[in-house]
Amino acid sequence: MSQSGHLVLCVDDETVGLQVRRLILERSGYKVITALDGKSGLSLFESNPVEAVVLDYAMPGMHGGEVAARMRERKPHVPILLLSAYLGLPPEITKLVNVYMTKGEGAPALLEKLGSLFEN
Amino acid sequence: MLLPIVFLLFVAGLLVWQVRSAEQTVERIQVANQNIATANLISALVVDEETGVRGYQNTSNEIFLQPYEFSIGPLQDAFAKLRSGIAAEHGDQSAIDDLVAAHQQWVTTIAEPMIDTVRNGGNTRDPGANLRGKAALDNIRAINGAIIDTEKQQNAIAVQRWQSQVTHTLYGVVAASLISGVLIGAFARNRLHAVTTAFQSTLLALRDETQITYQSEQRLLATLTSIGEGVVVCSSEGCIELLNSVAEHLTGWSQYEALNLAIHKVFVLVDEAMRDAVENPFDQVKRTNRLTGTLHALLVQREGSVLQIDCSGSPIHDRFGTLLRVVIVFRDVTEQRRTQAALVASEKLAVAGRLAATIAHEIHNPLDAVVNLLYLMKSSSTPEEMQQFIQMASVELDRVTQISRAMLGMYRESRTPVALELKPIVDSVLVLLERQLAKAQISITSVIPDDAIVTGYPAELRQVFTNLISNAAEASAPGSSIEILARLIAAPRGGSPAHPRAGVIVIINDHGTGIAASDLDRLFTPFFTTKGEHGTGLGLWVSQGIIEKHGGNITVESRASSTDQGTTISVFLPRGEAELSTTKADN
Numbered sequence: 001m002s003q004s005g006h007l008v009l010c011v012d013d014e015t016v017g018l019q020v021r022r023l024i025l026e027r028s029g030y031k032v033i034t035a036l037d038g039k040s041g042l043s044l045f046e047s048n049p050v051e052a053v054v055l056d057y058a059m060p061g062m063h064g065g066e067v068a069a070r071m072r073e074r075k076p077h078v079p080i081l082l083l084s085a086y087l088g089l090p091p092e093i094t095k096l097v098n099v100y101m102t103k104g105e106g107a108p109a110l111l112e113k114l115g116s117l118f119e120n
Numbered sequence: 121m122l123l124p125i126v127f128l129l130f131v132a133g134l135l136v137w138q139v140r141s142a143e144q145t146v147e148r149i150q151v152a153n154q155n156i157a158t159a160n161l162i163s164a165l166v167v168d169e170e171t172g173v174r175g176y177q178n179t180s181n182e183i184f185l186q187p188y189e190f191s192i193g194p195l196q197d198a199f200a201k202l203r204s205g206i207a208a209e210h211g212d213q214s215a216i217d218d219l220v221a222a223h224q225q226w227v228t229t230i231a232e233p234m235i236d237t238v239r240n241g242g243n244t245r246d247p248g249a250n251l252r253g254k255a256a257l258d259n260i261r262a263i264n265g266a267i268i269d270t271e272k273q274q275n276a277i278a279v280q281r282w283q284s285q286v287t288h289t290l291y292g293v294v295a296a297s298l299i300s301g302v303l304i305g306a307f308a309r310n311r312l313h314a315v316t317t318a319f320q321s322t323l324l325a326l327r328d329e330t331q332i333t334y335q336s337e338q339r340l341l342a343t344l345t346s347i348g349e350g351v352v353v354c355s356s357e358g359c360i361e362l363l364n365s366v367a368e369h370l371t372g373w374s375q376y377e378a379l380n381l382a383i384h385k386v387f388v389l390v391d392e393a394m395r396d397a398v399e400n401p402f403d404q405v406k407r408t409n410r411l412t413g414t415l416h417a418l419l420v421q422r423e424g425s426v427l428q429i430d431c432s433g434s435p436i437h438d439r440f441g442t443l444l445r446v447v448i449v450f451r452d453v454t455e456q457r458r459t460q461a462a463l464v465a466s467e468k469l470a471v472a473g474r475l476a477a478t479i480a481h482e483i484h485n486p487l488d489a490v491v492n493l494l495y496l497m498k499s500s501s502t503p504e505e506m507q508q509f510i511q512m513a514s515v516e517l518d519r520v521t522q523i524s525r526a527m528l529g530m531y532r533e534s535r536t537p538v539a540l541e542l543k544p545i546v547d548s549v550l551v552l553l554e555r556q557l558a559k560a561q562i563s564i565t566s567v568i569p570d571d572a573i574v575t576g577y578p579a580e581l582r583q584v585f586t587n588l589i590s591n592a593a594e595a596s597a598p599g600s601s602i603e604i605l606a607r608l609i610a611a612p613r614g615g616s617p618a619h620p621r622a623g624v625i626v627i628i629n630d631h632g633t634g635i636a637a638s639d640l641d642r643l644f645t646p647f648f649t650t651k652g653e654h655g656t657g658l659g660l661w662v663s664q665g666i667i668e669k670h671g672g673n674i675t676v677e678s679r680a681s682s683t684d685q686g687t688t689i690s691v692f693l694p695r696g697e698a699e700l701s702t703t704k705a706d707n
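Order-wise, the sequence lines are chains Z and X.
The numbering used here applies: residue 1 is where the first sequence begins, and numbers increase by one.
The numbering used here applies: residue 121 is where the second sequence begins, and numbers increase by one.
Rather than coming from a laboratory, the hints here were simulated on the basis of the structure.
C-beta atoms are modelled at their ideal positions from N, C-alpha and C, and glycine is treated no differently.
Each hint should be verified, as a subset may be incorrect.
[Stated by the list, open to error] With a straight-line Cα cutoff of 20 Å, these simulated EDC-like cross-link-like pairs (lysine to aspartate or glutamate) come out:
# : chain 1 : residue 1 : chain 2 : residue 2
1 : X       : K498      : Z       : E105
2 : X       : K406      : X       : E357
3 : X       : K498      : Z       : E112
4 : X       : K559      : Z       : E105
5 : X       : K272      : X       : D218
[What the hints assert, rightly or not] Listed next, with one range per pair, are the computed distances between beta-carbon atoms:
# : chain 1 : residue 1 : chain 2 : residue 2 : range
6 : Z       : P91       : X       : E668      : 40 to 46 Å
7 : Z       : S40       : X       : V567      : 31 to 37 Å
8 : Z       : E112      : X       : L517      : 22 to 28 Å
Throw the hints in and build the complete structure from the sequences for me.
And the structure:
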């Protein structure tokens, strides 16, 4: 259950959703930092030893695909989990990230997929 | 034509010449007669002279000498007269010279010596002198007789000439009459022939023309009958004169039954939405005296069912502009409307499709949060935490409800138009578009007065505003703004052409790329799109249809200067008659 304090960056423009996701991850033992848009997410990503990213796709200004691409340029080894309310994102976006899942699949699924990123 | 006249003139000239020469001949006869008379007078006077001399010789009485003396003067006159008479005939003057000389000889050698002898009392009984006297007188008589014979001869010749002239004239007149008669006859025949030919050709031309007219009439009639549109022709009083077969079929009246019936009985129109009677195109033509535009209405058929038609009326004038007839042309557009309805429905689905992203986001995000909150609540939590989670879940579910209501409002049809406040309508559209606009980083300001009320169908108006605001957003660059502004329009006195009624103008103004001038004309035609595969090309067409159905209108202006770019769309919607319900319907 405990994920021994991996530092996870959560980026989502949904305040409530972000807050709830943070609570879930923290209860599972992750350390969580959050950002409400792509730009501040990227700066946190650069300034912190982030071990994984949980990224929302649909955000104003810069969408998740773009954010993921920039993160890959900076630190290609950091795994990224892309969340989206949309079904069926184009492959050029999904292939950028390690895991792609849709919102609404529930917390256990999220925790399981995030955990799998650290098993490798 | 000219020939007989010339000929007649010639004949007349000939006659005049003939008459003139006859007159001359008569003159010559008269001269000859006169000369004969004069010659006879000379004979008588010579006898008188002789008688006078002989009497004086016998009696020696001067009284007996009187005839001689009295004859001397007249005899000289007679000689002169005879001389001029013969001269007039260009006759031989020597005869008269001989006569005068013979007489003079008789006077000087016989008469005068005899008279002197008697006066002197001499012997007058000289037989020699008497014989000489007789011989001299015989000579005179012979000469005079010859003159008389000559004149008689002249006379006879002239008479004969005159007779022959008269005969010639007679023949000439008869011949001229005959020839001119023949000529006039020929001329008349010629003229008659020409008239006959002209008449015949006129008759033929007339027959050809009648034939052509008949054929063209048949052709027009066939065209009229086989034309795909209904055609009704009525008199200026509104009596049916003709229904073509399509019109017979569409109205349910046959030409035979409808003939002379009132147009209002055969061609009954009602309003599409309200089923109220609408102005017949016939009345409109009579009122305006010119072509009507295309009218959309329902045609009530004879047996009571209705058809959707497009119709128009046009006047037929005579040369003086008096209305003779009215022609109404109409067409069944039921099928076309059905196709249009299908297109409208497909556009509605396309709008839904375009909103799918928003729907997914707006519903999935709060649902995800709620699911996660439930997960947290199931695992151990403090009561305070539980309270907080429940509060958060409730806020998120409210969001879902709001979205689903907005979506429902988009599709729930209302059957009759109702009074609507525009502000909540536009706001609900903005709720749905919020995500899309935020994503494109476009800010929206909306200033709509609370009393901006129109009559209409809420779902359709939401569709219109969704379409117009989405278009504006798609044309806008990130960071730009869209302004929505509404203002009330009071009913102008007498009505203005653009906004004849009270209502609301909604202006949607963007600062996007604008619209190319070449595209402006085609904006409202179906399947016209500038968005490639992302657009159906039906949005503005459907929006315009909805706005016009509401009795409003939509205009587009595009600015493309270097300082100011963008598009302004103005939508006018009339206030209408519907009462605003006091209990707020959840739009």
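Now for the hints, and whether the structure bears them out:
Distance check on the hinted pair: X/K498 and Z/E105 sit about 16 Å apart at the alpha-carbon level, within 20 Å; holds. Distance restraint check for X/K406 and X/E357: the Cα-Cα separation of roughly 9 Å lies within the 20 Å cut-off, and the hinted pair is therefore satisfied. Distance restraint check for X/K498 and Z/E112: the Cα-Cα separation of roughly 18 Å lies within the 20 Å cut-off, and the hinted pair is therefore satisfied. Of the supplied pair hints, the one linking X/K559 and Z/E105 is violated, its CA atoms being roughly 24 Å apart against a limit of 20 Å.
Among the hinted pairs, X/K272 with X/D218 is consistent with the structure: their alpha-carbon atoms are about 19 Å apart, no more than 20 Å. Range check, Z/P91 to X/E668: Cβ separation about 45 Å, and the 40 to 46 Å hint holds. Between Z/S40 and X/V567 the C-beta distance comes to about 32 Å, which sits within the given range of 31 to 37 Å. A hinted range of 22 to 28 Å for the beta carbons of Z/E112 and X/L517 is consistent with their spacing of about 26 Å.
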